[in-house]
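Please model the entire structure based on the sequences and the hints provided.
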Amino acid sequence: MLTEKEIFDILSEIPDPEIPVITIKDLGILQRVEVTGNTCEIFITPTYSGCPAMKMIEDQIQEALAPYQITTIKVNLIYSPAWTTDWISDEAKEKLRIYGIAPPEHSSLDKGALTGKAKELKCPLCNSKNTEMISQFGSTACKALYRCKDCKEPFDYFKCI
Amino acid sequence: MTKQEALFNYCLRLGDNSLILGHRLSEWSSKAPIIEEDLALTNMALDLIGRSVALLKYAAEAEGKGHSEDDLAYRRPERKFYNNLLVEQPNGDFAVTIVRQFFNSTFEFLLYEELTKSKDATIAGIAAKTIKEIKYHLRHATDWMLRLGDGTPESHLRVQNALNDLWMFSDELFEMNEVDEILIKEGIAVDLTTLKTNWEKRINEVILEATLIVPTSTFMQTGSRQGIHSEYLGYIIAEMQYLQRAYPDAKW
Ligand SMILES: [Zn+2]
Numbered sequence: 106m107l108t109e110k111e112i113f114d115i116l117s118e119i120p121d122p123e124i125p126v127i128t129i130k131d132l133g134i135l136q137r138v139e140v141t142g143n144t145c146e147i148f149i150t151p152t153y154s155g156c157p158a159m160k161m162i163e164d165q166i167q168e169a170l171a172p173y174q175i176t177t178i179k180v181n182l183i184y185s186p187a188w189t190t191d192w193i194s195d196e197a198k199e200k201l202r203i204y205g206i207a208p209p210e211h212s213s214l215d216k217g218a219l220t221g222k223a224k225e226l227k228c229p230l231c232n233s234k235n236t237e238m239i240s241q242f243g244s245t246a247c248k249a250l251y252r253c254k255d256c257k258e259p260f261d262y263f264k265c266i
Numbered sequence: 009m010t011k012q013e014a015l016f017n018y019c020l021r022l023g024d025n026s027l028i029l030g031h032r033l034s035e036w037s038s039k040a041p042i043i044e045e046d047l048a049l050t051n052m053a054l055d056l057i058g059r060s061v062a063l064l065k066y067a068a069e070a071e072g073k074g075h076s077e078d079d080l081a082y083r084r085p086e087r088k089f090y091n092n093l094l095v096e097q098p099n100g101d102f103a104v105t106i107v108r109q110f111f112n113s114t115f116e117f118l119l120y121e122e123l124t125k126s127k128d129a130t131i132a133g134i135a136a137k138t139i140k141e142i143k144y145h146l147r148h149a150t151d152w153m154l155r156l157g158d159g160t161p162e163s164h165l166r167v168q169n170a171l172n173d174l175w176m177f178s179d180e181l182f183e184m185n186e187v188d189e190i191l192i193k194e195g196i197a198v199d200l201t202t203l204k205t206n207w208e209k210r211i212n213e214v215i216l217e218a219t220l221i222v223p224t225s226t227f228m229q230t231g232s233r234q235g236i237h238s239e240y241l242g243y244i245i246a247e248m249q250y251l252q253r254a255y256p257d258a259k260w
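Order-wise, the sequence lines are chains A and B. For the first sequence, the working numbering gives the first residue as 106, with consecutive numbering after it. For the second sequence, the working numbering gives the first residue as 9, with consecutive numbering after it.
Be aware that one or more of the hints could be misleading.
[Claimed, not checked] Under 7 Å between C-beta atoms, here's a sample of chain B residues computed to sit facing chain A:
hint, residue
1, Pro-41
2, Ile-42
3, Glu-44
4, Asp-46
5, Leu-47
6, Ala-48
7, Asn-51
8, Leu-54
9, Ile-57
10, Gly-58
11, Arg-59
12, Gly-133
13, Ala-136
14, Tyr-144
[To be verified] Simulated crosslink set (PhoX-like; lysine-lysine; CA at most 25 Å straight-line):
hint, chain 1, residue 1, chain 2, residue 2
15, B, Lys-259, A, Lys-179
16, A, Lys-200, A, Lys-227
17, B, Lys-259, A, Lys-160
18, B, Lys-259, B, Lys-204
19, A, Lys-179, B, Lys-204
20, B, Lys-127, B, Lys-39
21, B, Lys-65, A, Lys-160
22, A, Lys-198, A, Lys-257
23, A, Lys-179, B, Lys-73
Calculated from the structure, these hints are not laboratory results. Even for Gly, the Cβ is constructed at its ideal location relative to N, Cα and C.
See the structure below:
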């Protein structure tokens, strides 16, 4: 039987289904692993309540552990503590930027979500700060849609929660 | 009524509100006025349906009969649904959807902020997760209230009509029964009467800023706490439950 750390390391390699340049560990979706006897419990947390990738992630976890003869693998979805963009590492943020998604600017409780002030964001393609928000809601629950007024390209912003 | 029965009913109410509004918003998929709104409304539907999964799962646990969240969503008859009448109202034109969102998101913002302090750890955990999403929903609805109200004569007229038409469903949001009484004593539920003044204040501010008129009618609809609904819920359920009723346990 593998140790908790070995299992965690294996699962740390699993790419996020929607943003495959970063892993489920980079994103903070993979929370912890608990091994009791021949049973392995994995705790994952969704970025957004309705994140449709969770089922896919669960399947990927089962698949990644299939070769290791673990009798029972249980994947548990937990909501607390609530996921926050603060858990995304700086390294992962850089990977997001290179991938063309503007990473979350500073931390969680985005007061702008209520007051209506849009953030000044750098275009991930040309680095211009001359950008504007098109919509708070983008291609997936975790992203907002922006456009760059210099290079004219639209881009996704990983919004802070 | 035992505490456990009250908890079951309370979680059904919270879960049904999310599920039914999520279903309603998903009806905008592919036919919103602009593509950004298509994404926004369906993203919010996703948040709501995700929240209902968590709440109905917990309701099933409280019920203790071995049901799953899917059983509760797809096998329960209309009279056993406890969502507010407001959320089952048809989408109407875009203004109706926005006013419904505006009333409901303002209410949810106040409700779930209080629920983060619930003595029930599961409810508090779900609330802490969902409040972050509700802030985005509330901002979306508020932005559109201002834009439509202070927009063209046509958009102003439509949003004022929607306000007048949906007003009669606003009082019910704050209605309480034995379920609330039992759970307020336990520190689990929120005393809804304490939210009302704040709700009215927030609503009034936005309505006035949007150059609209706050409705004054005192005629109010009620019924959902007893499982009595408007004619619309039955149709939603017929559509939502069709597959599981016709092909029980169907999977794909
Ligand atoms: Zn650019």
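Interface hint for B:Ile-57, Cβ within 7 Å of any Cβ on chain A: 5 Å, holds
Minimum beta-carbon distance criterion (7 Å), B:Tyr-144 to chain A: 5 Å, holds
Distance restraint between A:Lys-179 and B:Lys-204, which requires alpha-carbon spacing of 25 Å or less: 43 Å, violated
Supplied contact hint for B:Arg-59, tested at 7 Å Cβ to chain A: 5 Å, holds
Supplied contact hint for B:Glu-44, tested at 7 Å Cβ to chain A: 4 Å, holds
B:Gly-133 as chain A interface residue, shortest Cβ-Cβ below 7 Å: 3 Å, holds
Distance restraint between B:Lys-127 and B:Lys-39, which requires alpha-carbon spacing of 25 Å or less: 42 Å, violated
Hinted pair A:Lys-200 and A:Lys-227, Cα distance within 25 Å: 15 Å, holds
Status of the B:Asp-46 interface restraint (C-beta, 7 Å, chain A): Status violated, d = 9 Å.
Holds or violated: B:Lys-65 to A:Lys-160, with C-alpha atoms at most 25 Å apart: 16 Å, holds
Given hint A:Lys-257 paired with A:Lys-198 - CA-CA distance at most 25 Å: 23 Å, holds
Restraint satisfaction for B:Gly-58 [CB to CB of chain A, less than 7 Å]: At about 3 Å, which falls below the 7 Å cut-off, the nearest Cβ of chain A leaves the hint on B:Gly-58 intact, so it holds.
Consistency with the previously given hints fails for numbers 1, 2, 4, 18, 19 and 20, ordered from lowest to highest.
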